[in-house]
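Trainee: Knowing the structure of chain A, use the given hints to seat chain B with the ligands on it.
The residues making up each chain are set out below.
Number of protein chains: 2
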Amino acid sequence: MKKTNVESFEFDHRKVTAPYIREVVVYENEDYGVVSKYDIRVCQPNEDFLEPGIIHSMEHLLADKIRDIIEGVIDLSPMGCLTGFYLTVFGKRDLEEIKAKIVESFKAASEVEEVPAMNEIQCGNYRLHQPKLAKVKLEEFVSKMK
Amino acid sequence: MKKTNVESFEFDHRKVTAPYIREVVVYENEDYGVVSKYDIRVCQPNEDFLEPGIIHSMEHLLADKIRDIIEGVIDLSPMGCLTGFYLTVFGKRDLEEIKAKIVESFKAASEVEEVPAMNEIQCGNYRLHQPKLAKVKLEEFVSKMK
Ligand SMILES: [Zn+2]
Ligand SMILES: [Zn+2]
Numbered sequence: 001m002k003k004t005n006v007e008s009f010e011f012d013h014r015k016v017t018a019p020y021i022r023e024v025v026v027y028e029n030e031d032y033g034v035v036s037k038y039d040i041r042v043c044q045p046n047e048d049f050l051e052p053g054i055i056h057s058m059e060h061l062l063a064d065k066i067r068d069i070i071e072g073v074i075d076l077s078p079m080g081c082l083t084g085f086y087l088t089v090f091g092k093r094d095l096e097e098i099k100a101k102i103v104e105s106f107k108a109a110s111e112v113e114e115v116p117a118m119n120e121i122q123c124g125n126y127r128l129h130q131p132k133l134a135k136v137k138l139e140e141f142v143s144k145m146k
Numbered sequence: 001m002k003k004t005n006v007e008s009f010e011f012d013h014r015k016v017t018a019p020y021i022r023e024v025v026v027y028e029n030e031d032y033g034v035v036s037k038y039d040i041r042v043c044q045p046n047e048d049f050l051e052p053g054i055i056h057s058m059e060h061l062l063a064d065k066i067r068d069i070i071e072g073v074i075d076l077s078p079m080g081c082l083t084g085f086y087l088t089v090f091g092k093r094d095l096e097e098i099k100a101k102i103v104e105s106f107k108a109a110s111e112v113e114e115v116p117a118m119n120e121i122q123c124g125n126y127r128l129h130q131p132k133l134a135k136v137k138l139e140e141f142v143s144k145m146k
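Protein chains in written order, with full-length UniProt numbering: chain A, 1 to 146; chain B, 1 to 146.
Just chain A, same shape as in the assembly (with noise of 0.2 angstroms):
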């Protein structure tokens, strides 16, 4: 296997049972600072994933919530893969701390009612969304995390 510089790739997706939360890299930048990220896998790798929609719609209803529970939040993106986001912050953080206002971030997520801006303005896609199945695996996540 060839050797990159993409923490992901030298990261061997058969080995883990989704979901789970963990910490990918953390960055010390000699002149610029310290940022983490985190892999928060929501399906198992090469077995299922979130129908673009589906994983759309979870974006913007985390987008808010996830920067109102968690301080210093820098990014909250999707995988290319589907299968779940990865999450920048500021800082090195406690595992287990971040791990919980993960889900409490899901969980908050999970229960706004109509999903921020859905529309052609505020949204690159607004066609693509899945807001009633995005609140479900918000859910599922949320409930398999406990």
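These are computed hints drawn from the structure, not numbers from a lab. Check the hints yourself; a few may be wrong.
Between beta-carbon pairs, the in silico distance windows are [what the hints assert, rightly or not]: (1) A:E30 with B:V25: 20 to 28 angstroms; (2) B:V25 with A:K92: 17 to 25 angstroms; (3) B:E104 with A:I121: 29 to 37 angstroms; (4) B:K144 with A:E104: 37 to 45 angstroms; (5) A:E120 with B:K144: 20 to 28 angstroms; (6) A:E47 with B:K15: 35 to 43 angstroms; (7) A:E7 with B:K144: 29 to 37 angstroms.
Every residue gets a Cβ at the ideal spot worked out from N, C-alpha and C, and that includes glycine.
Mentor: Here is chain B with the ligands on its own, set in the frame of chain A:
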């Protein structure tokens, strides 16, 4: 429109012409440092989008190359709306310089023979790939951005 703390929800997706590269935000965190985020828009919002297999292969092709070409890359992730990518890097960058390096990364990615890590060990969804179309989209972006 409800006020949010999500930058992309504050951005009018009707008023842009893709492809483009735009600075979304520069986070200056007192304790932890400086991080910038860029919106790399490949498709016109709400008119066109990248199929999941295409954007996934583009993510793999770009992952290595963008880290070779741009220092201090923290994350490159597809957007949930499938119209482009968010790039997160350490520090505040000169916009013209980083734009040029992003285009250079797309060019280098379009020239890679095989999609890296397209297997069940290194990828979360190794069947969800469209390498040929991904390379076409990377090339198209480069030629339109020139
Ligand atoms: Zn959207
Ligand atoms: Zn992959």
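Trainee: For each hint, tell me whether it holds in the structure or not.
Mentor: Outcome of the hint check:
For E30 (chain A) and V25 (chain B), the Cβ-Cβ distance of about 23 angstroms falls inside the hinted range of 20 to 28 angstroms, so the restraint holds. Range check, V25 (chain B) to K92 (chain A): about 22 angstroms between beta-carbon atoms, so the 17 to 25 angstroms window is met. For E104 (chain B) and I121 (chain A), the Cβ-Cβ distance of about 32 angstroms falls inside the hinted range of 29 to 37 angstroms, so the restraint holds. Separation of K144 (chain B) from E104 (chain A) is about 42 angstroms and conforms to the stated range, judged on CB atoms against 37 to 45 angstroms.
For E120 (chain A) and K144 (chain B), the Cβ-Cβ distance of about 22 angstroms falls inside the hinted range of 20 to 28 angstroms, so the restraint holds. For the pair E47 (chain A) and K15 (chain B), the supplied restraint of 35 to 43 angstroms holds, since their beta-carbon distance comes to about 41 angstroms. For the pair E7 (chain A) and K144 (chain B), the supplied restraint of 29 to 37 angstroms holds, since their beta-carbon distance comes to about 31 angstroms.
Comparing the model with each earlier hint shows no violations; every hint is respected.
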